[in-house]
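Keeping their order, the protein sequence lines are chains F and E.
Position 93, counted from 1, in the first sequence is what the numbering used here calls 93; the numbers after and before it change by one each time, with no gaps.
Position 83, counted from 1, in the second sequence is what the numbering used here calls 83; the numbers after and before it change by one each time, with no gaps.
Think of the hints as simulated: they come from the structure by calculation, not from any bench.
Hints are all accurate, no fakes.
Partner residues aside, some chain F positions facing chain E, computed with beta carbon under 8 Å:
{"id": "1", "residue": "A95"}
{"id": "2", "residue": "S96"}
{"id": "3", "residue": "P152"}
{"id": "4", "residue": "T177"}
{"id": "5", "residue": "D185"}
{"id": "6", "residue": "W186"}
{"id": "7", "residue": "T187"}
{"id": "8", "residue": "S188"}
{"id": "9", "residue": "F190"}
{"id": "10", "residue": "E191"}
Partial pick of chain E residues on the chain F-facing surface, computed with a CB cut under 10 Å:
{"id": "11", "residue": "A10"}
{"id": "12", "residue": "S11"}
{"id": "13", "residue": "V40"}
{"id": "14", "residue": "E120"}
{"id": "15", "residue": "G121"}
Don't be surprised by glycine CBs; every beta carbon is placed ideally from N, CA and C.
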Amino acid sequence: MIVKLWGTRGSLASSGPDTVGYGGNTASVEVTGADGTILVLDAGTGIRRLGAAIDPAVERVDVLLTHLHMDHIQGLGFFAPFFRPAGEIHLWGPASATMDLRSRLTRYLSPPLFPVQIRDLEARVVLHDAPDQPTDIGGFEVVARHVIHPGPTVGYRISADGASLAYLPDHEPALATTHFPAESDWTSGFELASGVDLLIHDGQYTDDERRARVGWGHSSVTEAIAFAELARAQRLVLFHHDPSHTDAMLDELTAGARETAASIDIACGREGDRYELAAS
Amino acid sequence: MFRFGVATMASRPIELILVRQLAAGLAVPTFVVDAEGVLVFVNEAAESLLGLRFDEVGEVPFAEWTTAFAPRTKGGHRANPATHPLALAIRERQPVHGPLRILGRDGIPRRLVVTALPLEGPRGQLLGGLAMFWQPSAQ
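Required output: the full structure, derived from the provided sequences and hints.
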């Protein structure tokens, strides 16, 4: 499978001269299978360029939402495949205990917040609750699990042809334990990330920022590394960069991360980065 | 192809993970059990009350923890494990509140009041339960 990052910023799109290196678009990741199956992980502002790059001849695209915070859905109305009459878009995401995904999404995709409603989209749109059992989507096997973040939020594990990806862009596993990392079976998201080839994980904060923002739903770079090591992920991509973190700060954070965790391959998520995963 | 869900990879439902952490921070003695009734956590306050250390005993199957503290009925007879408030809460999926008499591992008999709650996930699935133990009021 090929994984391409189209938006790696967290919380708020942050374009400007200080962020042009890693990019200012919010979360959106394209995963393409050997059979041509296309998965889109989250619909932040990065999905606009992603959608424009999808061949109009592609009939089906599956969009997997981790949760419905604005930085993960704001690009939905600008996703070109929604406006292709022959297309079929499958939207997956977490329901809440009282509302299904359509009802929850409609809160955003309706006036006054947005002029276009789901029923106005030209493609056929099919909504699904995020799969809590392994589910085949084209050549991929996908499973979702609820993880620690305010509101109903899932992470995804995606597998194909012996390769695996875990996507946990908004995740605060340290909130659930006094001493992090704790035992693996008591760690949020462990099941999704265990032994994956590529882990895309929340690394929004410095250690100081994290101490001031406990309970906000995000991890520090240090915690992202600890989680990746616990899960024995082969490679970690730091993701959901804080809007205030400049390219220079991200370079510094990444260099520090590599010094402290020599056993794991660490990258700082950058718009346009591409990873090819094969059986390990 | 990799198959998801093998036992060695399983982790607890997120709601149970959060309940355990909540219990760890409470001064009220608290038990947490999973959907099978296995005792998966006892907080420090409950350790003091029962005279045990959870780190030493680890997880305890239903049949063991429901009898381990010699629970007694109000009349002083050995209680049926199936009628333990936490067992009832899980079976009936209803909160249960009532008296309980036990014998701690330190050999000291105690009269308690138990509040037991079932834990259901977002799709209504049973995740486990928790029980909180209170000292009965003097009245």
